[in-house]
Every structure is written in C-alpha cells, then in structure tokens.
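Undergrad: Join the two chains into one complex using the hints; note that each chain is given alone, in its own frame.
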Amino acid sequence: MRLLPLACAFALGTAAFAAHAATPAPSISASVPGSGAIVSKTLANGLTIIVWPDHDIPSANYYTFYKVGSRNEHAGITGLAHFFEHMMFNGTTRRKPGEFDRTMEAAGGSNNASTSNDLTIYTDWFPSSALETIFDLEGDRMANLAFDPKVVESERGVVYSERRSSVDNDSMGTLMEQMQATAWLAHPYQIPTIGWPSDIEHWKSDDLRQFFKTYYAPNNAVLVVAGDVDPAQVFQLADTYLATLPRQPEPTPITTVEPEQLGERRIVVERADAQSPIVAYAFHSGIGAGSKDYPTLELLTTILAQGQSSRLHQRLVEKEQAAVDAGAFAEAGFDPGLLWVYAALPPGGDTGKVEALLDDELAKIARTGVSAAELDKARNLKLSEFWREMATINGKASALGSYQVFNGDYRKAFAAPAAFEAVTAARIQALAAKVLRVQNRTTGLLKPTAAAETTITKEGAR
Amino acid sequence: MSRLRFVFAALVAFALGTATAASPSSQSIRLPDFQTVQLDNGVTLLLAPRKDVPMVAATVLVRGGSLADPAGKEGTADLLAELLSKGAGDRDALAFAQTVDGAGGSLGFGSSSEAITANAQFLSRDSGLMLSLLADALLRPKMDAAEFDKLRKHAIDGIAAAKDGDPRRLIGTYSDAWLFRGHPYGRPDSGDETSLATITLGDLQAFRQQQMGGDRLIISIAGDFDPASVTAQVRKDFGGWGKASGALPQVSAKARESGRRVLLVDKPGATQTYFALANIGSQHGDPARAAQDLVQTAFGGRFTSMLNTELRVKSGLTYGARSSIARLRQPGDASITSFTKTESTKAAIDLAIATLDRLHQAGLDNTTLQSAKHYIAGQFPPSLETAPQLAGAIAWLALYGDCRDYIDGYLGQVAAATPEQVAAARTVFPDSRDLVLVAIGDAAKIRGVMRGYGPLTEMKITDPRFSPTP
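Chains as they are written, first to last, in this note's numbering: chain V, 1120 to 1581; chain U, 2 to 471.
Pulled out of the complex, with its shape left as it was, chain U reads as follows (with noise of 0.2 angstroms):
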C-alpha cells in the first residue's frame, strides 16, 4: 500500500485555468490546432488529432447538468446520466459493459452542475465502435427498470459505504452544502440518500427529454484518429438527434457571506476533525482569475502554500493544509481546508483563520510572488500533455463558449500580473470576520471549540442528507 508524503487533490487545481511565465519554452505551451464542426441540428464537434500512442480520447458534455435538478430530486442528472450505459441500442446492461470492456475501453457518465458527461478513452482501432456505443447510450438508451431500481439503491448505499471512508472525500460536499445552503450550487450533483430515494424512472425520462438533445451536445475527439472518418460517422450517428424541449437552468449569483455561521457533523469516535472554512470567492471569466490564481498558489495551492507550511511545516498540526477556488458560471467557494486530530482542532482552525488573516494584511511579497508565477509556469504544460487532457480542455472551452486563448494565453496573464492586481486579488479569500465554517469529528469532544467560532448547528454523519433539515 502506498503512503503518500503528500496529496494535493488539485494541486494545480485549475489546469485549465491555470499556467504561466517563468521561461521562454513554457510561454509557448498552447492548444494543438483543433477544428470544430457544427452540425445542423446544433451538435459542436471538436476534432484534435495527434499522433502519440495508439489512443482516441472523447469527451462529451451535454448542457444543462444537474443544475436542472428538480428541488428536492438533486441526483437526478447524476442517475440518469449514468442509466444510459445500462442497456443502450441492441445491448442490455451486461452487453453494453461487456462490448466496452471487450474492447479495453472506458467509458463513464456522469453529471456536473453545469453539464452531463461522458469520458471515454479506447484504443485507435475501435473508434468506430466506440462511437457507436456513445450514439447508443445518448440516443438510445434503454431506461429499463429494473436497472434503475439497482443504480438508485447502489447511489443510496454508496453514500452511507462513503461515510465511514475517509472524511477528507466529503468535507467538501459538507462544506457546499452549508454556504450554498437553499441556493442551487448547495445541492449535492449525485443527490444524498433523501434526495435519491424520492427519484423514479418516470423522473430520469422527464430529464431527458427537457435537458438532452442535440442542440446541448459537444463531442470533444483528441488523439489517433482519422478526422475524415470520424466526422462522418458523427454526422450519421448524432445528426439526427433533436432537440431538448425544456429551458436551460438559470441561477443567480449568492452573495457573500457576512459574519460566520458553524455546522457540526457528528462523527462518534473519530479520532480526528476534519474542517473547511469557505465564502463566496469567484466566477469563471473572472478579469482577475490570473492573479486571483498567483494568490490562491502562494496561500494554499502548493506545498510551500502559507497554509501548508503554517498547519503542517511549522507545527506539524495536520498532513495537509490547502486553499481552493471553484470558479462556475456563477460565483463558486473559496475555501480552506485541513484536518487535525481531535486534541489539537482549536489550535489547527486558529491557525488557519490567523494565516487568512497574514494574507490580507501583509500580502504577498515578491519573491513569493515570483516564486508562483514560475511555479504555475512549471506545472501548466502536464495538464496538456494528454489526449484525454486535450479532449476535456476544448470541450469545456466551448461550454463556456471561451476562445482558445482562454489557455493560450493564460501563462502570459500570469507572467504580466502586476503586484497591485495580485494584492486586489486577495479578496477572493474572505475576510475571518466572514467565514461559513464546517467539522466534521467527535462533537462530544469538540463541540465546545465550535462554538467558539459562531452560531452552532449540529447534525449527525449518518443523517441522510448533507445540511441539516431545513
């Protein structure tokens, strides 16, 4: 079993928007030429051939995501997402899995607030099929019953087998819940054990004939493949495919948080608490997101991050320490997280919300900030190094409806951040005063220290939702 020194989950957590300055070569990293093909009936085609290995990755997003969600039916996207492997054209559930295996393909749906996905990755010699297989499951999917009644109790089950995992897998869906709280970007994408169990089939076929069709389809292709070809098996299987009958979801903006408010997750026994403090941060196409991302480098998005070397370096209070940005198409979270045993939860928040408060105060000085922009620099070019890298990269340019030079010309922005922007960027993060705070550990032990940071609500790890009831 392999230990890690060290996981940062999303280490350069926005590859996509994130990249840099330091030297010359790493200035010219930029997307391969691609081409895009709309078809008639409003399916975005985006061909990026590149011969590397024997490999073709796809990436497909259809708009729409689990924003569409019904109140109260949050899981909706995500179930139905994944039903349309389960039986697809002429194959039942056990063929469609057998066809993509026999093939040493993958293929996985899922949903993201913004967009139903599909990943796949095959070898160059089945693209035919394996096409043919996504056309199945997007336009002919069998919706059969009795493979729903599994995948919803599977959904249901699977959150309950998370909840005795490790806690650091579900802060995060914790901590959205509890600042998103009745606004859409709280509601978990694959739904909490009430949600799930409110869902029936006649809800997943509702979804997809409002949300799915052809106009909110883009098919993403990188890798070893012939274009030629591939665009017309593309006209010929998905050209027909109609339109969805419903209106895209719409969400406005939340607004920052003012003053805190602390949720307890009651874990008996753990033996450690694991904890985020978030607000309000940033949206994708933010002017700022360059600096924005030298601030979120320098404060909690690498090793030498002031919060990991605060919690872990310097005091060894925690394994890891980070801060991230969710940029959505409305303002996501900025937030902090760590974890720290049971003992030591007041020393390691204390701790946080002090480095928080260095970071407005004192800034970033410039070697710091030098360091960052090569740091970003450095780490840029592997988030494109791939077919499936690329395959997501131009899919999720084109959802967004962003020109290429969203990453082309990410590193130049980077490199030019002026100090003065970097140290305008820094309210991305919240000031102390203004924090939504989330634990989850022992509350027999450390429900006294929550309390201390603001208006407490509790709930239990094996309540079914993931915010208290309403």
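This is chain V alone, in the form it adopts within the complex (with noise of 0.2 angstroms):
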C-alpha cells in the first residue's frame, strides 16, 4: 500500500518550489577553507537543504536528518524510529525491497543510516556522478515508502539480532540500558533506542504507517550535501525530486520535562557469563545540545575522560590500578540528557573502592575545580576534534546537519572553537558542583555472579 498516493503527492506539490533564494553562509565561516562557498535554502514545503561543494575528490555526501528517535515513542512501540530506520531501505510502491541498495551500489554509493534518542539519519556515501540516481532514490523513499509485511517480519529479526549483540551478549550495553530505564522517571529518553523485546516483537505494520506520515516528511528534515557538487546542480535536483512532496502536520511536540531527581538511585545488574564488573553512574546534566552551556558540559568531561592524561583515567587506571578502563561523556540532544561516568574492572575487581575513587575525583573537580593548563588542554583537543571533523565531506556534512537540527544554524558549528574559547575555569566548576551530586545520579553495578569454572578443553569429542 502507498502511504502518500503519487496523484496527492503532485496535486500537493504543484505549489511546491523554493521559498528563498539560496543564501551564502555569512563571513563567521571563513576560517574554516571552502566554508564561503556553502548555500542553503528552505523549499516552500518546509525542507532545508544545504549545500558544501568541496571538490578534493570526485565524491559527494547526502545526509538526511529527520527528527526523529526513541524520545518520540512509547510503551508499545518502543524501538520503532529504530526499525524503521531498517524499513527506510525496504520498498517503496516504485522499488521492491532492496532494490534501493542495489541500484545504490551499482552505482558506485553506499549508505548507512544511525538512529538516536533524538535523530534518525541516512547517510550516502557515492562518486559525484551518481547524484541524481541518490536524489531520485531518496524523493522515492521519503514519498513512496511500502510496508510489505513479510519484509516487516523478516527485518523485526535482523533487529532482534543487532539487540542481541549490542545489549543483551554485552555487559556494557545491558547495564546501560537497565540505568537508562532508571534515571528518566518522566522523560522518553528512558526508552532503549534499539526498542524493548516484546515491542520488537509485536510492532504493526500500522505503528509503521503512522509513524512514516508523521515523522518523514519534508518540514521534519534537513538534508545536507557535501563534496564534490554544483550547488545549483543540487537545488535544482531538489526541485525536481523533492519539493513536489508534501508538507505534513507538524510533529506532537515532547513537552514532558524530566522532574528533578530527588535522590540516588542503585541498580545492580546481575549476569551469569560475566568475569568484570562494571561500576557506572549516570548524572542528569540539565543541559541540551542547543545550551549555551553544552561547550561547559563538553569540556567538563573532556578533562574528565580525554586522553592518558585526563582525571578519571590517571586516578582508576594508571594511579590506583582499580580499573581497566576509565571514562565519561554526556548525552545532549533536544533536551537534556545523561552525563555517564563509569569505570569497567579487572576480574575479581572491588566495585566498593572504584565507587569511592570516583565519588572523590568527582568531589574534587566540584570543590577545587580545574587548573588553567587543564582548561587549555580540553580546549586544543576540542580544536583538533573540530578540525578533523572539517578534514572529510562526511565529517562536513555531520557537522552542518547537527548544527542546523539542535542550534537552529548550521554557521553555528563554525563558532564551536570560539565557544570552547569562551568557557572558563569557574563555569566548568560551578556546572560539576551543580551536576555530579550523588543525589542527582543512578548509580548501577554489574556483578558477574558465575563461580570461577576451570578450564575445560575437550579435543576430537565427535
């Protein structure tokens, strides 16, 4: 069955064209070589396209960022921005199931697609000669997109598989997971992006209609052309496959706002087949990657976790040899999210003394904050980081698309180092005494509880 039937999506799309003239990225760019020469418009049917031509090799890049994760979601359809980030590549009323791929790879693209809290996006990766095959499989899929259900069942097992691997056969990903569902009591982020089981197993093809007509459309996306490119070439492809395409209602906005967290929670993850423990703690941080404060939160768990050099590293790894590894990032997306800690142990390691290392590497950087050369540090491997993200089209493309979704301009990813530049020493421990609070964390444990077996080997049993 056609979700969006070809005669609606034209009668629609005959009021279609661009509602502005392209517009060249302002002077803030200019540091960043080829950054002038991006342009980017918004269609009358409310999709943003932006364009980077940069011609190092004959290859070009087509993001689309719909937004769209599991924060959209609830109990039933969990795990379903997931899987249909899977059924995106199967069928359309115009192409069987998997002929996206095929016609893709022949030629010469690949493609990917990753699916978040917050974002689902698809990612071409192709020689710059194949750009008007990607545009005309992508206008397909965004109008066209089929559910055929022996295809639905046949992927709800190659999601299960990925779940197995990633979570279920891996210590990290279950105790993850199991802290996640813990720390939002309120908020959707306490939904696993890959979906509960029995939601995996019971999604219907009507969760997937609904959800495609709500959620990808052209006025829920931002697409982002990178590498080898005539901009006028792009926007005039965009014109044929894609501004005929309608504009849909506007997404049911997230308005639930986590409560604050009213003291620490623990969990203790058991598992049979485990030798290390794990000790991890997750900190609501306030803050969303559209913040003012985000360049804070980043540099904060830059001098928490980056490098041989950084605090929790030197302290659990290198000084005290409680832990194997050492580290700490913060989620950020829409809304506030998680700032993990966690440290993973030997065999036979002590969760008690990891736990009360970290609980005073934590207190310390909140009582006595971070020496100027530890600031500069974060600030230069920030630098690096956003330097070798301009390296390639792909980190291009990543950048203006993540810019545009959560800051609302994509010429705001050129002001990153200055923001970094701007942080100082006293908001970095103003936001550590204010966030890595005990009572503001879930705290979560895996303990392997099997008996330490003796090893077997059986040779030519057959």
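Hints in this document: simulated from the structure, not taken from any laboratory. Keep in mind that this is a model prediction, so the values were computed, not measured. Hints are supplied without guarantee of correctness; some may be wrong.
Cut-off 30 angstroms, straight-line C-alpha distance, at most; resulting in silico cross-link-like pairs (DSSO-like, lysine-lysine) [as the list claims (entries may be wrong)]:
no., chain 1, residue 1, chain 2, residue 2
1, V, K1438, U, K315
2, U, K151, V, K1566
3, V, K1438, U, K154
4, V, K1566, U, K342
5, U, K315, V, K1269
Anything over 10 angstroms on all C-beta distances counts as not near chain U; from chain V, calculated [unchecked claim]:
no., residue
6, K1160
7, T1167
8, E1251
9, P1268
10, D1326
11, G1409
12, K1472
13, A1537
Not the full set, but computed from the structure, chain V residues with beta-carbon under 7 angstroms of chain U [to be verified]:
no., residue
14, S1273
15, T1374
16, S1428
17, Q1440
Ideal Cβ placement from N, Cα and C applies to all residues, glycine included.
TA: This is the structure we're talking about:
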C-alpha cells in the first residue's frame, strides 16, 4: 500500500517551489577553507537544504536528518524509530525491497543510517556522478514508502539480532540500558533506542504507517549535500525530486520535562556469563545540545576523561590500578541528557573501592575546580576534533546537519572553537558542583555471579 | 546511543587494495606527489604536504612487529610499543601524556604482525613538539619497571573485559588462532592471558635491541607542514639511531587446510551464536588481487552481497554477514563471519555454506560484476581523502616495497578485470568441504549442531588462550 499516493503527492506538490533564494554563509565561516561556498535554502514544503561544495575528491555525501528518535516513542512501540531506520531501505511503491541498495551500489554508492534518542540520520556516500540517482532514490522513499508484511517480519529478526549483540550479549550495553530506564522517570529518554524485546516482537504495520506519515516529511527533515557537487545542480535536482513532496502536519512536540531527581537511585545487574564488574554513574546534566552551556559540559567531560592524562584515567587506571578502563561522556539532544561516568574493572575487582575513587575524583573537580593548563588542554583537544571533522566531506555534512537541527543554524558549527575559548574555569567548576552530586545520579553496578570455572578442553570430542 | 543499521567494519576492507573504474573522474584518483628521503642510517622519510586543514598526520612503522615475538611470549611487540610512550626523554609517563594531550594531539603505539606502529595527529603549530615526542618514544623510552607491570596487568585484564563484551569483536581472533594453529599467523598480536603473564621487562628490552633501529624505520608525514623544516628535524632526531641487531622474522606460507575441523567456544548463557568459516586465501602482491576484490565485494563485501542478502535481507537470520580477505606477506585467511540467535545456528551456518557453494557453482553474472566494479570505484576515493589516510597509505607502500602504482593503478586493474579472471579468482574462497569453523555460543545448546560440521574441539571463553591447549 502506498502511504502517499503519487496523485496526491503531485497535487500537493504543484505549489512546492523554492521559498527562498539560496543564501551564502556569512563571513563567520571564512576561517574554515571552502566554507564561504556553502549555500542553503528552504523549500516551500519545509525541507531545509544545505550544500557545501568541496572538490578534493570526486565524491559526495547526501545526509538526511529526520527529527525523530526514541524520544518520540511510547510503550508498545519502543524501538520503532530504529526499526523504521531499517524499513526505509525496504521498498517503495516504485521499487521492490532491496532495490534501493542494489541501485545505489551499482552506481558506486554505499549507505547507512543511525538512530539516537533524538534523530534518525540517513547517509549516502557516492561518486558525484551518481548524484541524480541518489536524489531519485531518496525522493522516492520519502514519498512512496511501502510496508511489505513479509519484509517487516524478516527485518524484525534482523533488529532482534542487532539487539542481542549490542545489548543482551554485552555487559556494558546491558547495564546502560537498565540505568537509562532507571534514570528517567517521566521523559521518553528512558526508552532504549533499540527497543524493548516485547515491543520488537509486536509492532504492527499500522504503527509503521502512522510513524512514517508523522515524522518522515520534508518539513521534519534537513538535507545536507557535501562534496564534489555544484549547488545549482543540487537545488535543481531538489526541485525535481523533493520539492513536490507534501508538507505534513507538525509532529506533536515532546513537552515532558524530567522532574528534578530527589536522591540517588541504585541498581545491580547480575550476569552469570560475565567475569568483569562494571561501575557506572548517570547524572542528569540539565543541558541540551542547543544550550549555551553545552560547550561547558563538553569541556567538563573532556577534562574528566579524554586522553591518557585525563583525571579518571590517571586516578583509576594508572595510579590506583583499580580499573581497566574509565571514562565519561555526555548525551545531549533536543532535551537535556545524561552525563555518564563509568569504570570497567578487572575480574574480581572491588566495586566499592572504585565507587569511592570515582566519588573522590568527581568531588575534587567540584570542590577545587580545574587548572588553567587543564582548560587549555581540553580546548586544544576540542580544536583538533573540530579540524578533524572539517577534513572530510563526511564530517562536514555531519557537522552542518547537527548544528542545523540542534542549534537552528548550521553556521554555528564554525563558532565551536570560539565557544570553547569562551568557557571559563569557574563555569566548569560550577557545572561540576551542580551536576556531579550523588542525589542527582543513578548508580549502576554490573556484578558477575558465575563461580570461577576450571579450564575444560575437549579435543576431538566427536 | 546510536544504533547503526549495519556495521561493515571493513567495508572496503581494503581501501589500499581496493579502487576502481566506473566514472572517468574516479579513475583519476591517485596519490598526491610525495617526496622520499633516505637517511644514511636507513630511515625512510616520506613527505606528502597538502594544505587542507591546519593539521598534520604521521604514520611510523618499524619493520618486524609481532611476528618477531618469541614463541610463548605473544604480545611482546605490542606491550613494548605501548611502553614506549609511558615515559620517554625527560618526561615520565604522566608528563608525556600531558604533553600530547595538552597540544590537542593524539599519539598511539601498537603492533601489527609485520610492524610496530605509531599513528599521530596534531595541529600544524605543534609539528616540532610532536616529532620530538615521537623521537623520544622510539629512541629514548624510559622502560620503567612500574609502568611495565601496570601495562601487562592492564593488558591481561582487558582481555577478560573484552570477553564480557560483544563477541563480534573476538570472533576473528579465535578464528585466526584456529585456522593458523601452530603457525605464526595464528598468534594473537596482542597476546593472550597466558602469554602476557610470562613476558618480563627484560623480554621487552631484548626485543627492542634486536628488532628496533633506524634501518627498520619508516616515517610518513602528510598534511599542513613545511617539508624543509620537518626534514631537518627528522635528520636531527632520527639520523643517529643505530641498527637493529637481530634478523627480521621470516615466515613460511601455510598450506590451505583440507577437510573440516570445528572449534566451539563456550559462552554459557549467550543468546546468539557468532561463527566464522575460513581457510587460507591470498597474499600481498597477488596478481589476482583486483579480480579477487571483485569477488569479495560481490560475495560478502557490501550490503547487497550474496552473503548479506541471504542471511540478513532475505531470511532475517542475522544483523550482518560478510566475508573478508586478509593479505599479508604470506597468505592470510579468507573468511565468512556472521551471527544468529542460538536456535537458528544450524540454519544460518547451513545457509552460509550453501551461499559459498553457489558462488563456486554459479559465479557472478555480468550485472553483478559491473555493479561490483562501480561500487569499488565509487568507494575508493574517500579512503584517500585525509592526511592520516595518505600518511598510512604511503607508509605501507614503503613497508612492502611497492611503487605508487599499487594504489594509482588499482582502479584501472579493477576496471580491466575480465569475466574469466574474476571467475578464476573465486578460488580465493575455499570449497565448503575444506573449512575451519569456529563458533562462540552456548555450548550446551549448540554442541550437537556444531558436531555436525566436522570433528569438534571445545574450549571455554574464560580459558586464558584464544585456542585450545595444544
């Protein structure tokens, strides 16, 4: 069944045309070579298109950012955004299941997609000679997606297999899923992106259709094309293949605000097949990706965990040798996310000792702040990261799209180094004091429960 | 948390060995001009300046690598490589790390089978500093006993932690160990829990003296730097390094296995079985490389490959199925890997074998062959886009003694591969009667299934080696 019958799409599309003339990026981007050539415009149907021509290699990227992720799900359809990520490759009313991939690969292209709490991102990497083929494929699946019941059932098995590897058979994956579900009481960030098993087993085709109609619309997407392309040609192809797609009603906003945490939550996950314990903390950061405080959060986690000289690595791995690995990272999307701190222990490791070490290290940064050298180091690490991203058309497309969806303007990508320069040590200390509190965290322990077993080898047992 | 639709860890598993044909523009992809400087002590310096972003990448190779590990002390080269940056010159381990991180740089040491490796990336303004750190690490490492003890313990504990992680990351290690049992290629580069426990600081010092020196050193630098000043600094910093005293490791080829043998690695409670089917495949410099890569692409190297189509797309048995070809100086493995829920272990392995049989019986039709040519052509350019990629590419050319045509000519070879050559190249993958099989899974539930594929050997995932005790 067609979700958007062609006749309907064409009828609505007659009014679709470029709403704005293409606009060049302002001078703020001039410090990045080639960024002055970026142009963007928004079609009448609401699709924002950003083009960064870059002719270093004869290749291009086509990135579609749909503003939908697991935060848009609810009980019964958890994992649907991720499942949908798969279904967007599985046939349209014009093309059979598998034809999308076969056509793209025959033209020299490859693709992938990823889903997070907030976004589903479809990525195509291809020789620039295949540009029109890519527009044709992408326009078709945005307009004409089909849901063959047989394919839905087969893909269910694929997703379940993915879940078994990344969650069920992986200690860290299991622990994080349980902690995420504990750390959030109200906000849909509690939902695992891969979905709960019983929901994976029970999605209906109607769920998919409704989800598609709501979220996979041009007005809910941002398109970035980077690489060996001519912007005029990109916009012309967009007019041909995308401008005719109808705008859809705006999705219902997610308005739930997570209530303040009133005290520590603790969970223990027991695994019979594990050897190594894990200790992890998840703090509510209170900061979203578009927040002015986001660079402060990034520098805080950098100081805690990036590089061999970082605080957590030095204390837990090098000095105390209590952990095999220690780290921290912050999740931030449309809404404030979690700041994760973790330590992977050796077999037989003392989780109590590791908790005490983590507590001491986190209290120290809140109590005494960070040194000027540490702050400089963190800024330099972020500056290198920025230039590494700007070194590839893939990184460029990713950066522009992320800033467009989370910050409302791709040009802010180029302000990142300056934003990190502007963060003071006092702000990092204040954020640490506010966030890294025991009352604000979920503590997760993964405990191996199997008795030590002796090595058994059976040669030629047949 | 991001969930990727599909993870093809080494999609163009062989960027260096892959390239193409489709469009005229992609055929023009070639390495940029680079300069080769030979120092009197044998150091090879490769320079590929390019103005792109204000960063520089360096790849450093010291010929030899893990193949020089003494028997029973696997992991020696890798531990030594890691120890090099744990204090060097006038900096202790912490000061060294603070200097690298403080500049926003990255510097990682390790060992592959044929070379000790260092990969560095840094802001252009720090080129002088980072090269001096590399020189300190290679020529003046402190080799501190306390740091060594920590590293060795860390390496051993890290293996145990990895065994609690996603088994996809381990299946290749077990598969190599089982296929190359008794051969140097079967020894894990990073060692195992048993071999690491036997290594002493003295072993590392002896290895360094015997296997490291200016005559074994290749330094490749790409990015935004001044060639004259970098050359002068490399001469000053590395020009005085003496020769390694020992011989380079020599390895003879392992013959392809006949018949089947099966290893079952028991991971109690696992809800999924991870499996590999392998045999000896191809080697570096194989004249059939381009034709083999076309077979590899169509058989198991891309999303629409025969394997992924059968095991994932059509049947939903797995999240991914792929094949790979490892080319070392001597023939490496050609393998199939996938995973499936415990209950469908037999169905998935049977289907993988049937797909292998179909490759040999039916070959590739012209449409598939042309698609594979275009695919390789389209995916090759991004493998040579960045400074780290260029530095790595030209460093490994030098290590193998290849001329630049190894990369520049590759797309042309792929385009020119005839149907006959491609048909012949199918033999890089084994006949299904001659397979070495490995499965990681819940032995209590899949033992009977695995026994059906050939003589069975079992071990536990908690065993401190990656192969059964000999």
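Undergrad: Checked against the structure, which of the hints given earlier come out wrong?
TA: The structure breaks hints 1, 15; every other hint is satisfied.
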